[in-house]
Amino acid sequence: MALTEDDVRHVAKLSALECSDEEIPALRATLAEILDYVHRLASVNTEGIEPTSHVHGVVNAFRDDIIKDSLPLEEVAGNAPDFAAGSFRVPRII
Amino acid sequence: MERLISLSVSEMRNGLLQKDFSAVELTQAHLQRIRKTNEEFNSFISICEDAALAQAAAAETVLAAEQGASPALTGIPVAIKDLLLTKGIETTCASKILTGFIPPYDCTAVAKLKEAGAVIIGKTNLDEFAMGSSNEYSAYGPVRNPWNKSCVPGGSSGGSAVAVCLGQSPLSLGTDTGGSIRQPASLTGVCGMKPTYGRVSRYGAVAYASSLDQIGGFARSIEDLALLIRTISGKDPNDSTSMEVDVPDYLAEVRTASKTQLQGLRIGVPKEYFIPGMQEEVEKSCLASLDVFRHLGAEIVEISLPHTEYALAAYYIITPAEASSNLARYDGVRYGFRSQDHDSLAEMFERTRAQGFGAEVKRRIMIGSYVLSAGYYDAYYLKAQQVRTLIINDFKQAFANHCDVILTPVSPTTAFKIGEKADSPLTMYLADIFTVPINLAGLPGLSLPCGLDSAGLPVGIQLVGPPFAEPRLFIAAAAFAREVAFDSRKMALS
Amino acid sequence: MEKYEAVIGLEVHAQLLTDSKIFATSSTAAGKEPNTLTDPVTLGLPGCLPVLNKRAVDFAIKLGLATNCEIQRVSVFARKHYFYPDLPKGYQISQYDKPLCTRGGIDIRVGGQKKHIGITRIHLEEDAGKNIHSDAAAVSLVDLNRAGVPLVEIVSEPDMRTAQEAGAYMRQLRQILRYLGICDGNMEEGSLRCDANVSVRPAGEAKLGTKVEIKNLNSFRFVEKALDYEISRQTALLDQAKEIVQETRLWDDQKGATRSMRSKEYAEDYRYFPDPDLLPLVVGHDWVEKTREGLPELPHQVFLRFKQMYGLDDYYAELLTEEKITAHYYDQAVAIHHSPASIANWITTELFGRLNKEGLDMSRCPVSPENLAALVTLIDEDVISGKIAKTVFDEMFQTGASPKAIVEARKLKQISDPAVIIELIDEIIKNNPKQVEEYRQGKTKMLGFFVGQVMKETEGKANPALVNSLLEERLKGPVAKYSPCCE
Chain B
0 MALTEDDVRH VAKLSALECS DEEIPALRAT LAEILDYVHR LASVNTEGIE PTSHVHGVVN
60 AFRDDIIKDS LPLEEVAGNA PDFAAGSFRV PRII
Chain P
0 MERLISLSVS EMRNGLLQKD FSAVELTQAH LQRIRKTNEE FNSFISICED AALAQAAAAE
60 TVLAAEQGAS PALTGIPVAI KDLLLTKGIE TTCASKILTG FIPPYDCTAV AKLKEAGAVI
120 IGKTNLDEFA MGSSNEYSAY GPVRNPWNKS CVPGGSSGGS AVAVCLGQSP LSLGTDTGGS
180 IRQPASLTGV CGMKPTYGRV SRYGAVAYAS SLDQIGGFAR SIEDLALLIR TISGKDPNDS
240 TSMEVDVPDY LAEVRTASKT QLQGLRIGVP KEYFIPGMQE EVEKSCLASL DVFRHLGAEI
300 VEISLPHTEY ALAAYYIITP AEASSNLARY DGVRYGFRSQ DHDSLAEMFE RTRAQGFGAE
360 VKRRIMIGSY VLSAGYYDAY YLKAQQVRTL IINDFKQAFA NHCDVILTPV SPTTAFKIGE
420 KADSPLTMYL ADIFTVPINL AGLPGLSLPC GLDSAGLPVG IQLVGPPFAE PRLFIAAAAF
480 AREVAFDSRK MALS
Chain A
0 MEKYEAVIGL EVHAQLLTDS KIFATSSTAA GKEPNTLTDP VTLGLPGCLP VLNKRAVDFA
60 IKLGLATNCE IQRVSVFARK HYFYPDLPKG YQISQYDKPL CTRGGIDIRV GGQKKHIGIT
120 RIHLEEDAGK NIHSDAAAVS LVDLNRAGVP LVEIVSEPDM RTAQEAGAYM RQLRQILRYL
180 GICDGNMEEG SLRCDANVSV RPAGEAKLGT KVEIKNLNSF RFVEKALDYE ISRQTALLDQ
240 AKEIVQETRL WDDQKGATRS MRSKEYAEDY RYFPDPDLLP LVVGHDWVEK TREGLPELPH
300 QVFLRFKQMY GLDDYYAELL TEEKITAHYY DQAVAIHHSP ASIANWITTE LFGRLNKEGL
360 DMSRCPVSPE NLAALVTLID EDVISGKIAK TVFDEMFQTG ASPKAIVEAR KLKQISDPAV
420 IIELIDEIIK NNPKQVEEYR QGKTKMLGFF VGQVMKETEG KANPALVNSL LEERLKGPVA
480 KYSPCCE
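Protein chains in written order, with numbering that gives the first Met the number 0: chain B, 0 to 93; chain P, 0 to 493; chain A, 0 to 486.
Be aware that one or more of the hints could be misleading.
Stated by the list, open to error - Computed from the model, here is a short list of chain P residues facing chain A with C-beta under 8 Å:
no.	residue
1	110
2	206
3	209
4	210
5	258
6	262
7	328
8	336
9	339
10	371
Treat the hints as calculated values from the structure; they're not laboratory data.
All of these numbers come straight from a predicted model, not from anything done at the bench.
Beta carbons: idealized from backbone N, C-alpha and C, even for Gly.
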């Protein structure tokens, strides 16, 4: 499954990363090299093997339904690139 | 001043308690060292001069009042990898995308250090978002290796390793997802530990790959490292994956360990970790260190971890997948950098991320998006998580049937030249080949120096234990260090 | 038989009534100033981690049991990725291939017929924030107060065939959610939301037609109107042999039509994977059984009980069980005075009528069930007439006073003393000789006139039955002096 330049464009879109046409060929080559390398897993027999998502196999961590203080609005606003009317401002959503 | 910065933490503690010097003097000595050396080595992104001196002054009050009963790190400087959130202090992750981000909360590990009286001296350089093995992928420029300035210090926690090596700080925190503490520790000749997954809370550590990330630290001695790791360990209600397991007093265990403690300790040496292409001197140093352990009474057994050859591939599927998800939040809406050059929301997102992230981070995000996308999930991500199970089982087998501790090289080579691997991601990835399996299995790993190669660059060995066997690793490492007496300090600078 | 058949499935989102968010500690309160209910987790700050609110799980288990679902022993939270300003982490934490509840269903009643609607799954997830679009400036404003509020998503089987059935299913779900006390069911405020999938196929055809999704239906009326519209739109297209496009549409209530939603900027590929920050959720047998024991009586159970215990018909049983608080009110009133039919009638006519007029709901009802029961008792014991009772009820509604106190204070007690009434009657007969004559000549309709006169004299307090019988007797022959001792 060779990685195509269109695949790269698609993946860039999925990742919300702008990617110019000039960047695509080199990026494709690098990504393809990495994917080729990791594809060696295909040769491992994993039939009936459970996937691991937590190494220690633990389950159930909860918190009680208790409200704690909200962040002060100044701290919310302080880090925002564009903040007005108590809200984060972004280019208009169509 | 030079005298103060080359002391061990226990010596600093004694000096403070006996009033040989004050906490402020101790902090000043380290700040001075940073000022003198940072331009050359670039190990710090921010230096917290005023806050550190204020903390040191507060420490003096505590020391005067409580003396020997004061918390163990009162007045001791600690440097923090700039991936860990520090309330009120800019946290950059060495990325342009977090420019200007001032966290409103402290990382749990940092909070624990503060509670223990430590002085936060500054934020150290790293590979952007901890993605790298050389500390070259930083928006703030590369970090240089004190043993040879044209070499890399390793990464991603390169700044934290160098800080300890250079005497900029006696202790530092790092994070380790695939070797990011152990490999730079090895390349700079200091001690470093990645604790068991779940031992230290990840709350406030900026996520790279959540199922592997773990906070740990660096020190110039095993005793100092034991104290540091103990201070930051423990269950945290804010991190569901942190584990409810008692934290022993690692330092006390190391100190009370008898000389014959290693008698009968079975050290497993996995044959798969001695591969063609690794630097001959690294292999030789490792084998020589086995003799030291034998001399200390340990039994060396050859073991097999048959799925080792697949670990790196599994790692480079799982980590980019999780990274692509963890880094989706950097969109220019709530914090950090936003591109001003856009005509629409979509352009704002795409340009902010394209301009804000460095090339390696973007590559990993794209690999991650790819392996999780429709049609590829089973072949890549699911498969990698299954292989991960096989790798975990390899270690379980080894510890259940053959050995108590596993010993391997940390890195296939000593420090390489700046620029040598930076343009070839895959070559760079291979630098982690001996460290990533330990993260995949969530095990504790300790890196300690065992000698120098012919170029005068440090070589390290890695000790690996079963989950939560940190004390065993500290005891074995301390016994080895007493025998080998490697001096981690690079005080005289060329 | 109809030429076409519609196939409808609903995806319903319900906000859970926890105090704090599903994975974070800020409040879930509605109507606060923008971005004042946030915390590091809600803002998706770097380094923060989600921790699951146990109460949200309890609520979802309750709903699963109430809708006859299987509670899965192991369920898993997954990340669903897309970029949107109101989605702080760039992913929503949801459940994907391992939801908490599966394979349930509920019965609905439409046109007197019972029908089973299957529920495919119910899972837990977090809500997004809100984007406010400004027409004036080229900006949108993002408020994250709602981000992280716990939701359950309830996915039905495509078992509905008409808009009416879909409406009935939605109402039934809302009723269950409210009985369980886990969601306020307020569609206008968005705490209950609905997306509908609808396709049309020729009757008898097994294969499904092309599916259209209608998003954000925020009232029962919209659900029904949008589906009716969409079914006729698709039917018309089929009739003209035109293609139905698989797409997402929105209901435009002003135009009374659905319209196509502009296709998304980003390809839909959510890249789900298990969230490594959260542990698998394991709900053991004990947890399920303990929750089952704590379940309240559910609407359909109360409905059946009202019919059996109180002999109500479907109409009254349905009205009285629509809201848990009404059913409880009814139970309380009937327990005090066992007159189920009369109390049912009073609640559904007088009480509902007044509440409706004042724009109140049952939770703010000024008449206590004790007082309503007392009122019906006064009627049943002939202390007041039904007509006077309405006057008394009026005052009860306004003041919350007890009917006894009102009756006494305003001297509304019924006059049931024959001597008093006869005296009045005789006086009226004497004063209206013309009308008496007419009556006696066979114009019996005139009786109404005399009843009216008595009621007028007694301000309506005379016992109507007694007035009738005494009038008939006194009007028969020449007036004689009435003497009770002769009886």
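Hints, one by one, checked against the model:
A distance limit of 8 Å between C-beta atoms decides the matter here; for residue 110 of chain P the minimum to chain A is near 12 Å, and the interface restraint is violated. Using the Cβ-Cβ criterion of 8 Å, the hint placing residue 206 of chain P at the interface with chain A is satisfied: the shortest such distance is roughly 7 Å. Using the Cβ-Cβ criterion of 8 Å, the hint placing residue 209 of chain P at the interface with chain A is satisfied: the shortest such distance is roughly 4 Å. For residue 210 of chain P, the interface hint holds, since its Cβ comes within 8 Å of a Cβ in chain A; the closest pair sits about 4 Å apart.
Among the interface hints, the one on residue 258 of chain P is violated; its C-beta lies about 42 Å from the nearest C-beta in chain A, farther than the 8 Å criterion. Because the beta carbon of residue 262 of chain P sits about 40 Å from the nearest beta carbon in chain A, more than 8 Å, this interface hint is broken. A distance limit of 8 Å between C-beta atoms decides the matter here; for residue 328 of chain P the minimum to chain A is near 5 Å, and the interface restraint holds. Residue-level restraint check for residue 336 of chain P is violated (minimum Cβ-Cβ distance to chain A is 13 Å; threshold 8 Å).
The restraint placing residue 339 of chain P at the interface with chain A is violated, with a minimum CB-CB distance near 14 Å, outside the 8 Å limit. For the restraint placing residue 371 of chain P at the interface with chain A, the shortest Cβ-Cβ distance is roughly 4 Å, inside the 8 Å limit, so the hint holds.
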